[in-house]
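*Asks:* If you read the protein sequences in the order shown, they are chains A and B. Every letter in the first sequence is one number past the one before it in our numbering, and letter 86, counting from 1, is 86. Every letter in the second sequence is one number past the one before it in our numbering, and letter 21, counting from 1, is 21.
Derived from the structure by calculation, the hints contain no laboratory data. Hints may be right or wrong, so weigh each one.
Calculated from the model, a selection of chain B residues having no Cβ within reach of chain A, i.e. all distances over 10 Å [to be verified]:
#	residue
1	23
2	30
3	34
4	35
5	39
6	70
According to the in silico footprint, chain B covers these stretches of chain A (three or more CB under 8 Å from chain B) [what the hints assert, rightly or not]:
#	segment
7	10–16
8	24–33
9	42–55
10	68–79
11	120–132
12	174–182
Every residue, glycine too, gets a C-beta built ideally from N, C-alpha and C.
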Amino acid sequence: MLAFQAGDQEAFRRLVKRSQSKVYAVIYRLVPNHAQVEDLTQEVFLRVFRTAARYRPMAKFSTWLYRIASNVALNALRSGRKMKLSSLELGDADDESSWRRDVPDTRSAPPATGLDAEELEARILAAIAELPESQRIAITLNKFEHLSYQEIAKMLDCSTMAVKSLLSRARCNLRTALVRYLGEDFAEKVPNP
Amino acid sequence: MSERLERQSDLEQLSAWMDGELDAPAAEGVARLVREDPAWRAAWEEFRAVDWALDLCPPVGPRRDLTEEIVQAARRQRLWRRAVRIAAPLAAAAAVIIAVYFAWPQQQTPPTALMQTVENEITKALQDVPQEDQFIVRKLSFFENYPEVKRYQQVRDVVDAETLSALAALESADM
Numbered sequence: 001m002l003a004f005q006a007g008d009q010e011a012f013r014r015l016v017k018r019s020q021s022k023v024y025a026v027i028y029r030l031v032p033n034h035a036q037v038e039d040l041t042q043e044v045f046l047r048v049f050r051t052a053a054r055y056r057p058m059a060k061f062s063t064w065l066y067r068i069a070s071n072v073a074l075n076a077l078r079s080g081r082k083m084k085l086s087s088l089e090l091g092d093a094d095d096e097s098s099w100r101r102d103v104p105d106t107r108s109a110p111p112a113t114g115l116d117a118e119e120l121e122a123r124i125l126a127a128i129a130e131l132p133e134s135q136r137i138a139i140t141l142n143k144f145e146h147l148s149y150q151e152i153a154k155m156l157d158c159s160t161m162a163v164k165s166l167l168s169r170a171r172c173n174l175r176t177a178l179v180r181y182l183g184e185d186f187a188e189k190v191p192n193p
Numbered sequence: 001m002s003e004r005l006e007r008q009s010d011l012e013q014l015s016a017w018m019d020g021e022l023d024a025p026a027a028e029g030v031a032r033l034v035r036e037d038p039a040w041r042a043a044w045e046e047f048r049a050v051d052w053a054l055d056l057c058p059p060v061g062p063r064r065d066l067t068e069e070i071v072q073a074a075r076r077q078r079l080w081r082r083a084v085r086i087a088a089p090l091a092a093a094a095a096v097i098i099a100v101y102f103a104w105p106q107q108q109t110p111p112t113a114l115m116q117t118v119e120n121e122i123t124k125a126l127q128d129v130p131q132e133d134q135f136i137v138r139k140l141s142f143f144e145n146y147p148e149v150k151r152y153q154q155v156r157d158v159v160d161a162e163t164l165s166a167l168a169a170l171e172s173a174d175m
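Just chain A, same shape as in the assembly (with noise of 0.2 Å):
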């Protein structure tokens, strides 16, 4: 970014290259729909490209980015370009294998809820997104991105502590939602670590 900020177009190029799956994975849990994350996603790069200027390197440059990231696409589904979860493209068989493709796969095997894989995602993305926005973004940032309570804090411009109460309450209306999804039994399901 500082590269980028002192003249080097080809820094602006590597930046993307670099960071774009990271932009993508967060936009894409607070607005799941490939399509729209594509536009949003160049959003996002266009606004660092725009605002470049005004870049401090007073935190990483990554908490800088998701902080971009997550409010383009709060922007979008305030502004009603929210998907309904019946669009979720987790239906789209051929076009789910095109996108996970290029991402390695650590997950471990499902529990034996009698949901096939794809159902049990679905409703589990819906349980997320029925989440409140401060709460789906900090499980985003802090289960699927790896941020600590710290960084978290720093982009979403609150204290550890709120995070750390954000990330609680985010975990009771989970189990909540999970329950209604999976059934009262879900959490005897999962196997001992």
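Model the placement of chain B on the given structure of chain A, informed by the hints.
*Replies:* Below, chain B without anything else, positioned relative to chain A:
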């Protein structure tokens, strides 16, 4: 309900412990409670199930490399801004030219030199602008009207000054 952890502060401690965000003494305390207290144990199992479910979400990434698309969009955005910077002073110049034309409608001086001066400057300014963006400047009313300008000597200085000012701004904005 005695076996259900309800207090928000307890749930926060448990959640933070699971995320590895507690210092050693606090983490030790929570670990002991999870081992010994059925309510803490039950809450831990539920949270663990939530984390497990989250872990089942598929990893997400772009369906294709967006780099070139984004870089081109950024380039178009920059050129658009540059073009607007050129267009604004030229539009002002056009207004002056038209005003002069209407003020001295009887003058018959041909505008050849003025046309050539402006055309040269615009051609230079547009050499980096993609074809699809050039219409911004080319569509200005200035270009539709300047062949009719009669008092070109008076307005040429204005146009030159405006054009040079626009180009100077362009140069300084060019990263």
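*Asks:* Evaluate each hint against the coordinates.
*Replies:* Hints, verified against the model:
1. With a least CB separation of 12 Å from chain A, residue 23(B) remains clear of the 10 Å interface cut-off, as annotated.
2. Every Cβ of chain A is farther than 10 Å from the Cβ of residue 30(B); the closest lies at roughly 12 Å, confirming the non-interface assignment.
3. Against the 10 Å criterion, residue 34(B) stays outside the reach of chain A, whose nearest CB is about 12 Å from its own CB.
4. With 10 Å as the threshold on Cβ separation, the claim that residue 35(B) sits away from chain A holds: the shortest Cβ distance comes to roughly 14 Å.
5. Distance check on residue 39(B): its Cβ is at least 14 Å (rounded) from any Cβ of chain A, clearing the 10 Å threshold; non-interface status holds.
6. Consistency note on residue 70(B): stated as away from chain A, yet its beta-carbon is not over 10 Å from all of that chain's, at 5 Å minimum.
7. Counting residues of the segment 10–16 of chain A whose beta carbon lies closer than 8 Å to any beta carbon of chain B gives 3, which meets the minimum of three for the stated coverage.
8. With a threshold of 8 Å between beta carbons, the proposed coverage of the segment 24–33 of chain A by chain B holds, since 4 of its residues qualify and at least three are required.
9. Check result for the segment 42–55 of chain A against chain B: holds, 5 residues qualifying (beta carbon to beta carbon below 8 Å, three or more required).
10. Only when three residues or more bring their CB closer than 8 Å to a CB of chain B does the claim for the segment 68–79 of chain A stand; here the count is 0, and the claim is violated.
11. For the segment 120–132 of chain A, the stated coverage by chain B is satisfied: 6 residues place a CB nearer than 8 Å to a CB of that chain, which reaches the threshold of 3.
12. Chain B is given as covering the segment 174–182 of chain A, and this holds because 4 residues of the stretch bring a CB closer than 8 Å to a CB of that chain, at least three being needed.
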